[in-house]
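**Q** What follows is each chain in one-letter form.
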Amino acid sequence: MNNKNLREEVLRISGVNPKKCMRCGKCSATCPAYDEMEYHPHQFVYMVESGDISSLLDSESLYRCLSCFACIDRCPRNVEPAKLVEAIRLSKIRKQGANHMTANDVPALLDEDMPQQAIVSAFRKYSK
Amino acid sequence: MQMKEHKPLIVAFCCNWCSYAGADLAGNNRLNYPAEVKVIRVPCSCRVNPMFVLRAFQRGADGVIICGCHPGDCHYVSGNYYTRRRMAMLFSMLDYLGIEKERTRIEWVSAAEGAKFAATMNDFVETVAKLGENKRLEDLRCK
Amino acid sequence: MQRIGVFVCWCGSNIAGTVDVKAVAEALKNEPGVVFSTNYQYMCSQAGQDMIKAAIAGHKLGGIVVCSCSPRMHEATFRKTASQAGINPYMVEIANIREQCSWVHKDMATGTEKAIILGKAAVAKVNLNTPLTPGESPVTKRALVIGGGIAGIQTALDIADAGFPVDIVETKPTIGGKMAQLDKTFPTLDCAACILTPKMVEVAQHENIRIFSYSEVSEIKGFVGNFDVTIKRKARYVKEDICTGCGACVEKCPMKKIPNEFNLGMDNRSAVYIPFAQAVPKVATIDPNACNMLKNGRCGICAKVCTAGAIDYTQKDEYIEEKYGAIVAATGFNPISMDKFDEFAYSQSKDVITSLEFERLTNAAGPTAGKLLRPSDGKHPHTIVFVQCVGSRCSACTEKGKEYCSKICCMYTAKHAMLTRDKYPDTEVYVFYIDVRTPGKNFDEFYRRAVEEYGVNYIKGMVGKVTPEGSKLKVQASDLIANKQLHIDADLVVLAAAIEPDKSARPLATMLTASMDTNDFFTEAHPKLRPVESPTAGVFLSGTCQGPKDIPETVSQAGAAASKVIGLLAKDKLTGNPCIAKSDEWMCNGCSSCGKVCAYGAITYEEKEFRLPDRTTKIRRVASVNPAVCQGCGACTVTCPSGAMDLNGFTTTQIMAEVDAICK
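Those protein sequence lines, which keep their order, are chains X, W and E. Taking this note's numbering, the leading residue of the first sequence gets 2, the next gets one more, and so forth. Taking this note's numbering, the leading residue of the second sequence gets 270, the next gets one more, and so forth. Taking this note's numbering, the leading residue of the third sequence gets 1127, the next gets one more, and so forth.
Treat the hints with caution; some may be incorrect.
Unchecked claim - Here are the simulated DSS-like cross-link-like pairs (lysine-lysine), alpha carbons at most 25 Å apart as the crow flies: (1) X/K21 to E/K1790; (2) E/K1148 to X/K21; (3) W/K399 to E/K1790; (4) E/K1148 to E/K1600; (5) X/K20 to E/K1586.
Calculated from the structure, these hints are not laboratory results.
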């Protein structure tokens, strides 16, 4: 899928209009996971607007978002950045034929705190 | 044998403050538009009673255009908003009756837009001419 | 049927070049009602006009049609000609055969054909014309200014200086408004009190100005030139004419723990109080909700200490009625409530304040005598964070913020930051901005000075969260240029709260039948060309009640409003436009549709007694148009379901006749 179609897909899934953004940065100011992210909430909005979805799709930042919706609550223009993040996650999953997680990847992800069920469901969700 | 070309008859209602002045400006700048257009001056586009439009079609007009100030610029604050809503209703009803949507139009022309007035009239006359004569509402008793 | 004369103008070759004027005159001769038809080179010339006058007299014409240039050009000329010849000026119709015919068509045949049709339409209209006389109404030469802030003060002074009496109605015990609360004013940094208080004194001493302080407008009736206004003078329990403002009562009053509104609740006042030292009128006021004597009859100390004997616990609200020719709304603004902005911890910490509170903190007459001290512990703040656009430019939730830019915040924040760095160079000052908007004379220079000379840290970004922790305020914010999230330990956070119109504006607009926008700002008659007039005749707008603006803009608008008022009051009589709506009372069923679409509030309804053919009487509700207020747009005529409403000069039958003539 090319970038333009990707952008359309993300906009359709999220129902967000990134043009409403006035670039105040309150979403990033309010984000509790800011320091964990490579791309920050305001950048999600800007990058979707400018069509640079592929960088976002490949970024770990997608999964650093806690979906706490603080950005949605505080945004003065009702842009809803968290919905964009979720839409990009969905379009990543919906990529047919892509294998995001193989059985070989699982051992590396294991640690003491991780419930086994989470690994299993992630494996189901992200593998072909 | 050649058919005589149909000359459509267009009635244009223009508000005194914007569109009538726009039409005057088109004249000042010598911008041509077809003579089929006949302008009736009204104080505000909201003075145009749907009855006037119906009457024009009944008496054989082929198209009716209403021109007013741009939204937000109405000399009478909100008159053109009433026009917009009333005419949206009327035009869709006329469409239902068989008066094609292309025969009716609302256009916002400011006093500075002489060129827009002329262009609008040229386009409107051309559009209506393509549709041919209006027979649907014509009252034959008036003939 | 009228006796109509038709006059076709050549306009040199302007018309005659494309229109066969003789053929037009000839063709119109046969139209119904036409008894005379001629053509001439220049109808608007003296000779042309004389020709018209002679024809009116010679042929006993009742109406004339001039086929010439646009009515916007010479309608007035020919109306004057007609009236000089003794017929009603509204019996004249113009067929526009120049701008809308000869100038836009090239072919003689089509031009002539169209000119004849336009002429026929004009003849058809004149046949239905009726003589119209403009209504006249007297003007009460007195103006009412509602609101005693800088806008109201300036408007009142300008009107009064022109020699007209003015009354100011102010709800607070003193005039002065928001400007009286300010410390310094941008961009020149002169002190607000130093420039405002002389004006307040001037108002008090002006022979043409009466101040109704601690009063409200409770009812407005009438129309332009003739408003009947009822003013409610709230009981202040002090005789205004006797009180000397010595302050003995204030000093001795035992109830001293009442939050002081003037200092935005940052310190206390007594139950009997004078808002501030330079108050005008400088008269004490007793707060009935706080005074023990008024609540339960136990105290009365103020009456004992008042040597002038001005205290009167039995005072009642008083209503006075007055007539005015013009009304100026100058109701001003308020900062919005910060209750819904909990992310900034406004309700949790005393050290999160609004910019207006900051003004009071830095004001020499304020709660800290001008020393910048934290409201919580009275210590000097070393790190101050200013947050801009709090509630401004916020379209997410109308309950919370306002969609518009409040306009003044960028400049006053720059001022606050600059003054803080000037007085306390050891203070670190951060300003979080989305955009810095500083259009205005010397405004951007001022902002740049704050950055370059005073070292204020301007950071592009927004504060997301403020958390009180111990004596500090943890500020979490974004720096969009560095692409970083910042964490600042601040001592004081100042919120540039959006401004909104005063709550009294909406009920006032209802009383005035003046229109408002969705934000409760008064709407101007034309956004560019009539910015200080309300669409409702005789109502004028001054200051922030029309939209956010700073002091210089407010003062210039106040002056403009005053000049409009003076222009109105200088007239002895108002001559109306006779082309206005009229209602046929026999057809009207009182449904109120017309009143709802009238932008001017010109239509009222009255119960009227009708004699029926069977000699009984019946009382019915019917619409009545006020000729002094109606502007003649015709919105009501189309709305009327029974066809009772019509518009003089553009009646339904007249326009129908034009349509018929054109479509024949």
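**Q** Which of the listed hints are broken here?
**A** Hints 1, 2, 4 not satisfied by this model.
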